[in-house]
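Residue numbers (this note's numbering), protein chains in the order written: chain A, -7 to 533; chain B, 9 to 347; chain C, 9 to 347; chain D, 186 to 523.
Simulated from the structure, these hints should not be mistaken for lab results. One or more hints might be untrue.
Below 20 angstroms or equal to it, Euclidean Cα-Cα: the simulated DMTMM-like pairs (lysine to aspartate or glutamate) are [to be verified]:
#1 D:K272 - D:D294
#2 B:K22 - C:D34
#3 A:K439 - B:E59
#4 D:K314 - D:D329
#5 B:K22 - C:E117
Below, each chain spelled out in residue letters.
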Amino acid sequence: MDKHRVALRGASTAARRIALAAVPVAFLAVFLLWPVGAIIDRGIRPGGALDLSGFRDVFDDPGLRHIVWFTFWQAAVSTAITLALGIPGAYVLSRYRFRGRSLLRALVVVPFVLPTIVVSAAFIALGVQESLLAILLAHAFFNYAVVVRTVGGLWAHLDTRTEEAARVLGAGRVRTFLTVTLPALRPAIAAAASIVFLFCFTSFGVILVLGGPRISTLETEIYRQTADLLNLRTAAILSLVQLAAVLAAIGVSGWARGRRDAALGLRSASETGRAPRGWQARAFLAANLAVMAALLGTPIVVMIARSVPHGFSAYTQLRTTARGFTEPPIDAVWTSLRYAVVATAIALVVGGAAAFALAHASRRRRRGAARALDALVMLPLGVSAVTVGFGFLITFDRAPLDLRTSWLIIPIAHALVAIPFVVRIVLPVIQAIDPRLREAAAVLGAKPRRVWREIDLPIAARAALIAAGFAFAISLGEFGATLFIVRPDTTTLPVAIYRLLGRPGATSFSEAMAASTILMVLTALSIMAIERLRIRDVGEF
Amino acid sequence: MLEIDHLRVEYSGKPAVADVSLAVPDGTVVCIVGPSGSGKSTLLRAVAGLEPPTSGTIRWDDRDLAGVPTHRRRFGLMFQDHALFPHRDVLGNVAFGLRMSRLSAGDAEARAREALASVGLEGFEHRKVRELSGGEQQRVALARSIAPKPRLLMLDEPLGSLDRALRERLVVDLHALFRSTAITALFVTHDQDEAFALADSVVILHRGLVEQEGDPQQVWRRPRTEFAARFLGFSNVLDARRVDGVVRCALGPVPAPDDSASGALRVAIRPDGLRVADAGNITGEVVGCTFRRDHFLTRIATPHGTFEVATAEPAAMGAHLSVALDPAAAVVLPAHADR
Amino acid sequence: MLEIDHLRVEYSGKPAVADVSLAVPDGTVVCIVGPSGSGKSTLLRAVAGLEPPTSGTIRWDDRDLAGVPTHRRRFGLMFQDHALFPHRDVLGNVAFGLRMSRLSAGDAEARAREALASVGLEGFEHRKVRELSGGEQQRVALARSIAPKPRLLMLDEPLGSLDRALRERLVVDLHALFRSTAITALFVTHDQDEAFALADSVVILHRGLVEQEGDPQQVWRRPRTEFAARFLGFSNVLDARRVDGVVRCALGPVPAPDDSASGALRVAIRPDGLRVADAGNITGEVVGCTFRRDHFLTRIATPHGTFEVATAEPAAMGAHLSVALDPAAAVVLPAHADR
Amino acid sequence: SSSSSGSATASQGKKASGTVTLVTHDSFAVSPGVKAEFERDTGLKLRLISNIGDAGSTLNQVILTKGKPLGDAFFGVDNSFLSRAEKAGIFTPYVAKGLSNIPLEYQLDPQHRVTPVDYGDVCINYDRKYFADHHLAVPRTFADLTKPAYKGQLVVENPATSSPGLLFLLATIAHSGAPGWQRYWKRLRANNIKVVDDWSTAYDSDFSGSSGKGPYPLVVSYASSPPAEVVGKTPEPAQSPVGTMTATCFRQVEFVGVLEGAKNRVGAKKLIDFMASEPFQADVPLQMYVWPTRTGTPLPTVFTKYADVPAHSLTLPAHEIGKHRDQWIRQWTNIVLR
Ligand SMILES: Nc1ncnc2c1ncn2[C@@H]1O[C@H](COP(=O)(O)OP(=O)(O)OP(=O)(O)O)[C@@H](O)[C@H]1O
Ligand SMILES: Nc1ncnc2c1ncn2[C@@H]1O[C@H](COP(=O)(O)OP(=O)(O)OP(=O)(O)O)[C@@H](O)[C@H]1O
Ligand SMILES: [Mg+2]
Ligand SMILES: [Mg+2]
């Protein structure tokens, strides 16, 4: 009888968890698995019968084998470089209090929205030629923010008490970091690493522009086979290979995140920050600022410089309807903002539901289902944009999902890319919440939904805002991610930039740079505004 | 009225509470004492519905609580490690339970302020909880659990990190609160003074089992097992025998209750039940002496074991002293009780 | 030797330690007591190098520690809230400091096991720290801070959540440890028994200032301010006057030290310095009586205030009793000392 | 969501209404006034669905959605992809009003599934200032480009990923013939040409004559690049900073067609009529930097003043291109990139 009742209670909370998990599962099934599945299906079942002979062709081709190997290699090395640069940056931006910190925190995300061409122009201006090195540096440039934000989101909340304990026990700063801080950050670092790895694994623009035509990866090859050659058979095989690789990478990262989700004493982010004390701290801060300036500042400076070759005419020009536009390019700002708001909302809802479902699932059994969901939410980063884009075309062509030419398809595509970020930034923080706090709330009479609202939500709120800022930036910059989605006649800012770049003439180019500068400022401002948001009666945590 | 019946709670197969039966009648205060790790916190957690019982039942007013989730039980629990909400300020923590009970925000705040004042934390309303001293945190936790006036109040070490003066004041206040509101309470403490000052009934827990239970004075004066005796400060325990109705130990005859069995027995005496005599029964050498505020605790090694004796003056190490017994202070126990 | 000189530590402008000067000679044990929030933990944190002093200096063997980072000071600190490493098991926590001092892994483990055994936690080596009871966690923290044998050991409430029997055992063990290794130690406790049992010198802190400092027995018997007296349990404080060299209070004459000023004075008496007499100086009504293990604490309201009196038997509420004073137990204090 | 009233039964004379949707790639553009004129004249609303990808991938998207097209008409197939489009059967034939004003040389599909809208030339552009400063003769012929004097001066686009890149490859094939072009590219490679993946990298950052001030004075671009460099500059220079090697030009013609399965066929036809008409044709040069196909359309002065128009552009038959395109690209890749 007792057992039965307890089981009943378990069932109702389990039902709640399943309902929570159903949101991301349904969204990703419809907007990712279905279109991708459809396009792969066309490739491997051209006439209705399964044709896997493509596999042999692919693996017999040493060129393709090399591409697979190279794709792994460059992604792994890029990830290592990004982590090495980004973790100190995360520390500085989450633990030191100094003037201009919030601006800097917003600025590090700017690379995410800059067109690859701008970056490559900057790298070339710096004397870095098209090469492998250029690819690695550019990957570090783009993904620095991923590490800073994913890791910093947790770091800002870590209680310093255990670090102090280690110091008192004779551990120096580095030792303390390695033995106490690092294990606590492990889930966040593993999360950042997996995102960066997947980004580099499927990176497109950087490889094309900075690698030169001699370097190709699975992603560029899939693009070529699909978009240029319409060779769906080979593309499908390559997509499956890519998928397998991505799943393997996700598996490794899940293992690296560790099984034990130790609750950490979390503190308000405002309490853990301190002004740098002592010359070592100041030197460390200075070194990191120098890295940021070199890595992030240079391209930005080059971009701004090239937007003003003859004063600000390029900016004023954007207010008039240029050749090739049906409206002034500056109007794209509003379109971009509107899409970004919708995309961010979708990503927060879907990613948030996934994060909470995962946080609860990992505490008890059902690890198998949890792992599957965990991998599923990462998948959007591991699937070719061209595969998704072409998949959309052939799946959403009938009611009720005749979305191919609806504007909604664009924010949905942006949200797909942003969801992994939301999950990876929010989940480590939720998992670190001491379960005793939830128990205390329950004892004080809060029912489960209320516990969630009063404990999980406010504590994860800051992380969610960080994730929201990121989602917003992803949507604003959306370029590489959704290049292949058709769009109705509304133009987003990056598309306007691309159009301007696609036209000959010096003025078009400086207008493109001007639009990029506007995009950058817009991004920085939006992120700062989002992170200043305060959810009512939650206060600042 | 809370009734716990043959409760057993296990953590991964190992029992933390092995088999506890206990009743807390309405309006009474029951205090649980016991060594570290004996299952006190686990017992409270099980009553609050935070740990599922492995077996046994917990009932409130004859209703089985098995299917009732924590937030519906309307029990209060002050956690041993406080579990304050780091994202709320002091007032927000204390007002939390009041808000959950659908009090208006204004009323909740007023009552929270009252509760804070009662633990001496006026003016701390808007402090961050992580920036409080240990004792201040504990008082916030206490105020938080008391403020919503739960029908059963459970406190896990409520005054552990407070200084004596403040603790005595709060003991008096809690005592008044318990009496005036006829609150039903179950609390855990390591401070036996506190336990004996506040409780209507004391329960000694040992390895997840009830070792002894009863009226505080009764328990204090007449422990029934060797474990309980040692736990309550009867640090001198020696063998005894009952011969012809008289119980004798190395220190002399001891008055025995009628019901004690004959044959091998044990006798337990507190340090203040022994004294240094000019001609005691046993003589030994002083091996230690520490100051204990109002007396010295002198350790004297004798052929019958080492005795702890309360003395008014410090004793020199190595001195030879005799030990005598105040027979009224001795308690007779069955031999080979557990441990 | 640790020397603290006019130390001041502020949190966002408010002093937690206002002005403390203190010396801990090599091989001595200094105990800090004081009410909740008086700055005890902050003082220890400043000595450990975890809080920067606003002003004042901290020296070790005449060397100013201002520029020396925490991990180079080789001081041990047991945190009030333990601060155990959640990612390490019990053994990993205790061995941490040993590994930092470049001990081989094997040696570190052996010594960590030893330290664990000394706090009664054999067999707990591979438990997760989150799955320990409150007292077990505290013991792990204690073992962790003691194991590396730091040159200055600071303990913040080391035994607060342990039961009396275990605490007494550990007090004895700590005492032996301090003596045998001539360790220099600074520790904070709320338990005055503990303070007086372990310390060579006791410091009473109040609002970030040293209220009184000295030999434990001296401090216990002769508090110098009303605050110290009340803090040490002299709960009855009444006005007195010195007239013609004799100090008199409502309860009668009191022997006074020669140096006490004349005019308005105060007299402080512990509950056990008062007794119920057939014909005491003052008569009042019993307004409360609580059991205190070995006595009853009876509160008697009289025209001169409410007195707390230790009585052997419980007193009936409302009964009229007279109070008499044991003059030797009274302490004369200056009037209007702080507070 | 889109289109349509009276779609199936519509006849030529009837006034159409609703929305007509044009699927296109990114370089399609029309000025707002001209668009409004179309909407006013026909009562149709013109909706654009554009793709950021290049002409090839846009075409492939249209092929993928055959039968359930995203719109009613498709603009953006050029002569290099025409045969693929024809083979896929994505268009239905329609003879536009005003086709008679378009020279036959542009009407590459005898069945009129597509209607030519504009043409242009892909040519090598050069940086006038560079050659003047270095006292170097401007190269004139394909052969010149393989000379040591021009070593390391040319940047070209990858024909696999870029449409001007492909057209320039076709130019060399049209010029040198079947096996000859391969030898030619080997020599080009030996002369240190640079290959990049897209036009804007080549032109905006590698070419020295653009605002990018890159290191390469020769670039594969368009005959319209010289006028484009001048647009918006005040005062107008006497000469464009960029010149065109007219002997290297390959002709590109862009077409529009009615999509098979279009919901608003009548509208699509009206749109095509409009695109062949004078107002639209006159709008083409400054919107898309190409030349209008309709004879007698007035050109803006920047075009007449600054563009060097080749007397004879190179061409290849569309079916020829269609047959060999993939093979040529593979061969090119092996020669130039491996
Ligand atoms: N991080 C902090 N920020 C701001 N104020 C603090 C902080 N830590 C402590 N305080 C305040 O400083 C004062 C002294 O605190 P401290 O922790 O030293 O007290 P304590 O003597 O150890 O008290 P307890 O016995 O309760 O632990 C307290 O009033 C406390 O509220
Ligand atoms: N989450 C847990 N998982 C496994 N074992 C646990 C857990 N919590 C407690 N225990 C073990 O159960 C036993 C009882 O723990 P409990 O916390 O109830 O002790 P306690 O009587 O409250 O002790 P203390 O006075 O030290 O707080 C202890 O041996 C403890 O190690
Ligand atoms: Mg406990
Ligand atoms: Mg403290």
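To test your reading of the hints: which numbers does this structure violate? Going through the list in order, the structure violates hints 2, 5 and respects the others.
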